[in-house]
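Q: For reference, the chains in residue letters:
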Amino acid sequence: MNKTMLAADFFMEIRKNLPRFLSILLIVALGVAFFSGVRASKPDMQYTAEAFYDEAHLMDLRIVSSLGLTSGDLAAVQGIDGIEDAEGVYTADALYENDGSQYVVRLRSNTEKVNQLRLTEGRLPERPGECVVDRKLADKFGIHNGDVMTVTSGTSQDLSQTVSENRFIVVGIGVSPMYLWRNRETSSIGNGTVEGFLLVQKEIFNLGAYTEIDLTVAHVRELDSFGKKYEKKVDQVKERIEKIQKDHARARYDEISKQAETELIQAEAELQDAQKELDDAKQRLDAAQAELDQAKAQINAKIQEILTGQTTVEEQEAALQESSSKLEAAKTTLDQNRANLLNNQAALNAEGQQLEAARVQLQQSWNDWTNQGNGLQAERERVSGEEQKLDQMRADLENKRGQLEELQASLQASAYERGLANGQSLYGAELSPIESTDPGETEDTPSTENPAETEEPDPTENTATQNPATEDPSQVPPQVQQLQQEIADLESDISAKESEIAEAQANIEQGQSQLDATWTELDGIGRDLDSRISVYNSAVSELTAAMSQLALGEADYAQQKATLDAGMIALQTAKQAIANGQTSINSTQAELAGAESQLAKGKEEYEKNYRESKQKMQDATRELNDRKRQLLKMEVPEWNLLDRSFIQSCESFAKDADRVGAIGNVFPLIFFLVAALVSLTSITRMVEEKRTEIGTMKALGYQRYEIAAKYICYALLASVLGGVIGLILGQTILPRVIIRAYRILYNSLPATKAPLHLWYSVSSVLVAVLCTTLAAFAACYRTLRTPPAQLMRPEAPKNGRRVFLEKWSPVWSRLNFSQKAAVRNMIRYKKRFFMTVFGIAACMALLLVGFGLKNSVTAIGKEQFGNLQKYDASISLATTDVEPVEEVEETLRQDSGVKNFQFIYRTSIDAGNKKTEKAAYLTVVEDTKSFDKYMRLKKRGSDKTYQIREDGVVITEKLARLLGVKAGDHIYLTDSDHYRVEVKITAVTENYYLHYIYMSASQYEALYGGKPEYNEILTVNQKTTEKFEKTMGEKYLALDGVNNVVFNSNTEETIQKMLKSMDLIVVVLIVSAALLCFVVLYSLNNINITERRRELASIKVLGFYDRELTMYVFRENVVLTVIGILIGMALGVLLHRFVILTAELDLIMFGRSIKWYSYLFSVLLTLAFAGFINFIMHWSLKKIRMVESLKSVE
Amino acid sequence: MGAFVELKNVTKVYHMGEVDIRAADGIDFEILKGEFVVIVGPSGAGKTTVLNLMGGMDTCTEGQIIVDGTNVAEFDERMLTEYRREDVGFVFQFYNLIGNLTALENVELASQICADPLDAVEVMKEVGLEDRMDNFPAQLSGGEQQRVAIARALAKNPKLLLCDEPTGALDYQTGKSILKLLQSTCREKNMTVIVITHNQALTAMADRVIRIRNGKVSETKLNENPVSIDAIEW
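Heads up: the sequence lines are chains L and P, in that order. Under this note's numbering, residues -18 to 1175 are what the first sequence spells out, in order. Under this note's numbering, residues -7 to 226 are what the second sequence spells out, in order.
Chain P with its partners taken away, still in its complex shape (with noise of 0.2 Å):
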């Protein structure tokens, strides 16, 4: 089985100034089809940078991203807009909810826009929120949102699901059980998801783990027996 998701040789340089930062310098990895991969490093090692490539909302000065077979690198604004509307899910640490829409508003703002969505109520009931649907984000608690924000994420039926820190504003307790829902979706719709994360425990859950450090890839491991996030404790 060929790698579902490749990157070569990804760079991006950031210009600040005169100061040239290369966020990425040359990474290379690849993920395959219904994995749990967990991208970990210290703050500012470029793993956001990573994802932010990954997910088609910036582009990289260097290297090729082969999502599905496609080079995404090459892909112009358009282009990224509709791999963005159709192929990726994103998760965010803030959720980034539409604070003017309900739950389900905001799930649906998802669906309506791409081709072939799930059912909004049903991902809705999937993620445990059948009962908080009509509520404003302002009125959820900040597990419960970001569980919208993973609804409203996998409701586009995404090749890819991609979470920035997304238990970085949880309390633990909610933050496991958002990892949870991850794992969960990830087993059990052989869905791939990216998790980037500065936590290390939570590497032992995953079933790749990718070290990226100063913009490099430092270590990329296969865990051969991922525990359950139950079992993880930091």
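Pulled out of the complex, with its shape left as it was, chain L reads as follows (with noise of 0.2 Å):
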């Protein structure tokens, strides 16, 4: 009876306060939901992976080797205990290409047992050209069913080597459970990464050996693989493995190197025959070139010979021309002297004429003489007559004298004689007719004068003056001295008769005289004339010469004037010759321009086919070089065992299982916390209210245990049922939540599996109901220790005590009533004050924590697109080949939509130290010094920038702590060739997104011995618009050269698209805040009304509006919510912090600091939950019966 009685009393102590009781379920359920749900979300994260594992027959262990895997090796590992399934497995990268771009596929030969693929769409492949495709692909690329894909090799070896077919039907889309997630593995060939797989049949691969063997391990299906078991029962097969790997590593390494070297020798073979083919080719052309060179030089000689000849022509044209005229002018000058000469013939002849006449007269004269002479002759003969006798007798002295006379004479005659006749003789030859008379009238003249003379002798004395007659020539006879002797003799006889004759003489004298005078004028003027005439003479026998010169002139010109006749036509001759050479050399010409141009062909084929040849060579000899260092390297190969942990997107997803198992570790105890502090209050302050009624029941004389058994079933009752609540609710939806956000990421998960796990479920539950249970009963304990009397009694109002506010009376005396008891009572109610201060904190810190992680995520779009990236697009090459690479040099360069752009090497790598290791980006940077213009290098908040230095690398914030280095540590790098270089880093730069290495070109030449291959550009554009970058796009995809062009716009589309996720995260955060904030907050308002029920109905009695009466309870809460919210800021910023390096995955850097309006927005939001609760408490407030208050003491 007692017992239903009991029973009643609870249920109706339920029934009256509901609230509190839904208050304390509400508050377990959400701690333990929280509790639970997000513990349980790591093993569903693994659940849910591991039953896609398991289904698909996930490989355990994967063999690799480096030289490939033979059937022998594989018939071995399938001989090993403890295996259940071996399959060889053959891979091979190709390009496909899709709008323009290629990308790397990656063809999966298809195993029956192992790594099974999930088939969303179609079926597998049958057939040598079916293929079924990536799911990632088919959704990227819009691959459907019945679709035919082609791919191409990446690399110089044609694909054909590889596989027999390039062409497949899809017929069938699936996903991996290697490929949890978007990412696949890296690639040698094309941009470096795998886009997707194509499971194609085996039969098509023409490899030589395995690239991997995958195997099962026997019975581990049934184990957690992300467990303890798992990982032992697979080392156990993992070292059978190894004891066989090394006989038969071995015996491959030496099959591979025999064959290698097989094949090097013949490689180089080849390549020396192509190069000697290339050779031979350039010798043909080099002979070719030298003939042709050789008849250009000879025409050239030709030419110049023409040339030559044409000047010579010229200059012996223009010689002769000059002698022509020369001879022109000296004709002239001949003609001139000719007429000149004439005219002196003419002056000549006339002068001529004129001593004629001159001549003529003179013979007049000289006959007039005459004429007087023999007038005085004849005076003489009639003297002489008288004078005969005297004569007779003078005869002898006469003739005698006479003789003398003439004998001395002709001495003279005959001198003057000679030199007249000389003279004559001269004249001559020219004048005849002067010539013909002059000589006879000279002769005569003194013949004349002579006979005179002797015919009128001088008697005597004039033997002296008869002298220059005896000089005279005359007839007178030589015997002069006898003469002389008989003139004395006769001289006296003659005396007498010379007196007479004397007189007679006298006359004849005077006449002889005047005929003397006449003579003597006469031969004046003959003389005269003489001169003349020998001046004459002379102006002929000048003309004669200078007429003989003429002539000679004359001469010579005619002869000159043949000679240049000659020279004219020898001339023509020759400028005929020079015309017909200029035509054969002009035919001769166009020869060799015909030949040449067919040389230049030639050549300009041989040119290409030097380049095609030569770049097949380099290609070949790369490789050849590649083969010898790979050879050289090659060491005897260890066969790597993979686990699981080695595919990325199982350990990665695993991790981030973990990441979330940390996460709820921590997050969920402080909802727990809460929850428990809460319901604990609740309960206490329950028992402390029925401390009357427990008195009385006791005074009533029940047991303690049944009196406390009603408080212990109540927590027990609303802790369990919450906690069942909160369980079910919590484990179902919370980890799909946070499952579904990370589904974002590892796109391939199947279905959830969430079911309930028992040992989250009880503990969190057991805790709980722990917790309310053991609060009432250590409440019931304490008060059951009170003697009734005193339980009846009311409970002696607690204490007022002095604050140590107080004492500071400046302030305390400000203070009002109201104020003064808020103070107070808060210090009071202790547990309040905490209770409340913690759950606004929490709430506070939540909400912070909601935003802060907002921020953080935003911050990778908004810092890393907007702060640090700062260039626009960045253009891939498709080729290193300089001219199509030139060719988009030279177009970016025009394109005035691009501000600057630059050229780097981008490549997959991986970085490590000892540690560990990660994949990263390397990139090296052609131009350090203006790379800030398209990437900041800088240290996180703050403004220092970096530059990349010579001496070392720059990296990323993310993976310099993934690493666990900093600036001055040294760090290694791998390339995809697993050649190895140590680097130090000199600086370690902000960012938010993937890992970048950056690196100066002159430092990568250093370390690689070789310029880096620049296979990206990135630009710096006018405009980032969506119409732009289309077009923008579209332009240069078109170009050769392009493989690819990336638009940062689109990159940061897609992370902010892909970190989504966050904002549900964020609004899960928010609503459990406000959650916890109600609940607290109300639980406790709830408490502190209760508690002060008669407090404030006597305040109420005294008058003070509801208003006044809410401020008065208000001020407290006001107070304690800023306390709160201080207290939760920093709480916040801690838990934040913690969330962020938990929960962020190793390719992204979250931003780390919290914006100052996400401070705003939680202090608004919480100050609004605490707002919203105490506007509740006001209508409880005014519901606050006085009257009953005041009745009595409950």
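It cannot be assumed that every hint is accurate.
Stated by the list, open to error - With a Cα cut of at most 20 Å, we get these calculated SDA-like pairs of lysine to any residue:
1. L/K1164 to P/M8
2. L/K1164 to P/E69
3. L/K312 to L/A536
4. L/K224 to L/G49
5. L/K914 to L/E844
6. L/K1164 to P/F67
7. L/K(-3) to P/E10
For the record, the hints were derived by calculation from the structure and aren't laboratory data.
Reconstruct the complex from the two isolated chains, following the hints.
A: Here it is as structure tokens:
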């Protein structure tokens, strides 16, 4: 009976105080939901993945060897104990073109048991030309069943050397457990990233060895593959494989190296042949060129010759012309001379005529004179007659004297005669008429004179006087001396006569003298004439000489003229010859040009061939060198045994699950703590309120446990019910929400498995139940220990106490009573104080974490693409060939839409140190100085920027943190050829998305011994509008050299989409915060009001308005809220940091800072929540009935 | 001189589930200004209900309550609050002091909100607590606490002082001294004091005695010669 009464009382209690019951139930539910739900997320993630792994028989181990694996190896592995299935797999990377860009796809051979695909469409390939395509590819490129995919080789080798097909009909679309997420492996071809796989038939591969052997271990499928047992079992098998690997690896090595050597030799020979062929072609071409050059030289010589000939001819012509004109001038001179001479001759002739006239006149005068002489002669003859006797007497004398005189004169006459004859002969050569007359005249004159002399000889004294006459040629007898004797004898006879005669003589003498004067005069004239004649004669002879000279000149002229004419004719001939030569040269030249163009064509062809074969040969050489190096480097291979942790997505997913686990360890604990505290307070409060009742019951004689049972059951019921609701809701909803968020990354994940977890369920409910029930028990225990009488009386009001603040009177005296009461209240109800502050702080912290997470996530996009990655687009080049790249470069240079651009070399690389290794992008920068236009390298949270130095690399912050390194440390870099270099870190730069290692070109050269082959161009554009980028993308994709154009705006968008899942988490956090805030504040306010019902009623009675009453309580809450917010801020910052560090993915760094507006929002929301609760409180305050509260103390 | 307080046919019905309890069932009486009134009756007779109605802590279902010419029964919530604030002083059986405020602060709490208060310290002196003003209620004896409660009521300088079993929780001597304080207050300040009690002995000290039984006024008696509390024994 008692029991039924107690039960009735119990249920009545619940019914009457349903809000209290519900608040306990809810807070427990909330705490349990969060605690178990978030904690269950980790195993649920693992279950979900594991279910997929098991279903698909995901390999437990993979064997890879650098030299491949043979079927012998496979058979050996299959024979090992503990292996369920082992299958050999061929893989090959190829290029798939879509929309102008090339993507790398990995062809995988189909496996029957291990690593089965989960087909979402279609079936597995059954014929060589069929494939199942990766769902990621199908989604990305819109590939459907029945489509045909064509792949091409990504290396210089033809694809047919690897696989026999290159066109595949898509017969199915599937996902592989090896790729839970979007990322695939890296590749050594194309852009280095495998976009997705194509599952094809094994038969199409022409490879000599398997790429890998995938195997499953027996009896591990039922184990938790994230657990230790699984690991142990797999390790056992691993060890067994290790045992056989050495022999097999060695055998493979021998086989390969032998084969490789043979191949190498062959390849080398081929290369040499090719080189030789090339050289031959070159030689032929060179010979042709030489021939052509020679022909050209000859022609040139000829042309030169002709040119020289032409010059000579021209010179000659000029000379001829000149001599012709000279000759002409000479002729003119000659003609003039002739004219002059003729003139002179005429003048001379006139002179001659004058002279003739003068001579005739002189002849006349002489004739006259002769006549006079004759008259005189006649006189003398008369005298002579008289003198005859005298004469006779004197005859002798005279004779004798005459002879003497004649003798003396003959000398003179002969001389004269000789001179005259001479002149006459000269004169006579030209002027015969003059000649013929003149000498006779002149001869006549003396002869006439002489006879007069002789006829009239002087008697005596005239001997002397007559001497000149004796000199005259006369006919005087020569016996002078005898004569002179006789003369002397006769003289005496004569003298008589002489007187007579002398008179006559005197007359005669007078006549004679007259005659003599005339003679002298005539003689003078004759002499003058003679001189004139001699002048004339000399002029004539001169003229004659000039004439003969002229004739000579004229002859000379004629001769020269003849020479000139001959020269002219020769010139004409030479000219003709030159013209002929020119014609012939022209034709030869034309011929030569033809030959040349032919040669040029040949050359061009050769160049083309040369380039092509050079490229091929370079490739071949490089490959050969690579292979040589590989062969040299090739060590006896070791089988690499890779377990699931080497599958990136598996490992990453496991890590993410761990992260969720880490969060699950901290986050829900807050809820849980708050929930426990709140329910504890509520229960304690309830017990305290019921002290009178307890006292009564006790007084009535009930057992302690019977009394306590009510409260303990109450607590138990509330907490168990709440716990169960919480665990069901929590474990079904929260893991789904969280996994849904991760599904955005791990898009191949199958449906979520979220079972209830016994351990999490039991443990969380147990803790919640224990907390509340123990609280109830403790409260009851304390109360029940008090004697009933004391219990029946109202509990003595708690002592009012002065608080420390009162000692500080300047402040205290300023407070009014409500404020004083508030201060004292807060300090008095310590439990409530801490609970409220804690609740508000938790709410604030959660909000701050929520908004902070959002900030951090947004920072990836905003900071990365707004502040750090300044470039707008990256153009990846399809080739390293010079021409297409130059074309791209030229296009960029002329593109007005592109502000700046720079070449970089970017490749996937593994960066690591002793501890760990991470994949990153190596970026080699052409121009480090201007690189900050494209990518800002800076310290986070400061303006300090970094330069890429020559002596090391700059790495990104997250990478540095993952590797546990800082500036100054060293890391190694391993490229896809497993070539490893060591570098120093010079700086660690702010970065949020992906890992990058920045290196200068010179550092690259120093490390790798060659210039980087730039494969990407970063550009800064004028605009970032969608339209602009579309146009630009199309423009560049059309170029041969461009493989792909990626715009940062696209990347940013993709990332934002990917991180959208964070929004969900933010919403979850905000809702949780709100819930927490409500539950805590509501419970506490409820307690507060109930606890102080009487006090509040009294105040009401005193006439406080409702508002004043609310303020009376509200004031405390405001202060508590403010304190809670401040504490919550600090807590939130810490929690945010923790969540960021544990939750962020490897490839991403979240922003580390919370923005000011997040603080603001959090504060405002917290205030809003608190305000809302206080608003509700206002109504419950209004409902306090003064009458009932005052009646009695219950 | 007209009635200072007049109740006309005041009825109060509480609805307890399906049962109607008529706590006051047509009460009529009047009180003059400055009277010391004792309302007496057995437990559950409805005397506290009447006090609550007069004090504006509750509203009556029917009837008029005229205080100083105003019908309080017609007041709404806010006017009632104002009425309590300005015109009425309460003294409760369990003092109902604010534990967190000192004695003086408790008095000031009341005086601070009304328009024409008395000086708190003065009032404290009047009730004989000048030495205990800075003590918290928990540090005071029951009588002292009740004195603080009276001081709190008086400090508002109310028209009406309502006391609900003011000696109920006190021992005999202390009770007497409290009643004495109330009586002298009434006499000295011409304050209308209404005391509710189940103690028949106290009727002797009242100017007017109103007996209530089963929610009705059974008797109203004017006491020509009220005696001093010292003369009463019970």
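Q: Looking back at the hints listed earlier, which ones does the structure fail to meet?
A: Checked against the structure, no hint fails, so every one of them is satisfied.
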